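Asker: Sequence:
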Amino acid sequence: MNRPVRTRTDPDEVRARILDVAEEHYRRIGYHKTSVADIATVLGMSPANVYRFFPSRGAINEAICGRVMNEVVDIA
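With the working numbering, the residue at position 41 of the sequence shown is 91, and numbering never jumps.
Don't read these hints as lab results, they were simulated from the structure.
Any given hint might turn out to be false.
[What the hints assert, rightly or not] With a straight-line Cα cutoff of 25 Å, these simulated SDA-like cross-link-like pairs (lysine to any residue) come out:
1. 83 - 58
2. 83 - 93
3. 83 - 107
Predicted model only: the values in this text are computed from it and were never measured.
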């Protein structure tokens, strides 16, 4: 019997995808209206899985702020 092969996704890639989706939601509907469940739904994962990569919604926000600051530094 053949079992489906599970491929392991790079954790850094998953974190980047989480941040991409979160940033898009923040821009569209705002930080306060975006929940971890919203982010997880778009990614096709559970909120618990998102929390494996970020301990809190605030940690996601901090990571996004860091990305934006790096973009500003690169431009300057």
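Asker: Hint by hint, say whether it matches the structure.
Answerer: Here's how the hints hold up against the structure:
| no. | hint | result |
| --- | --- | --- |
| 1 | 83 - 58 | violated, 32 Å |
| 2 | 83 - 93 | holds, 17 Å |
| 3 | 83 - 107 | holds, 12 Å |
Hint compliance for this structure: hint 1 is the single one not met.
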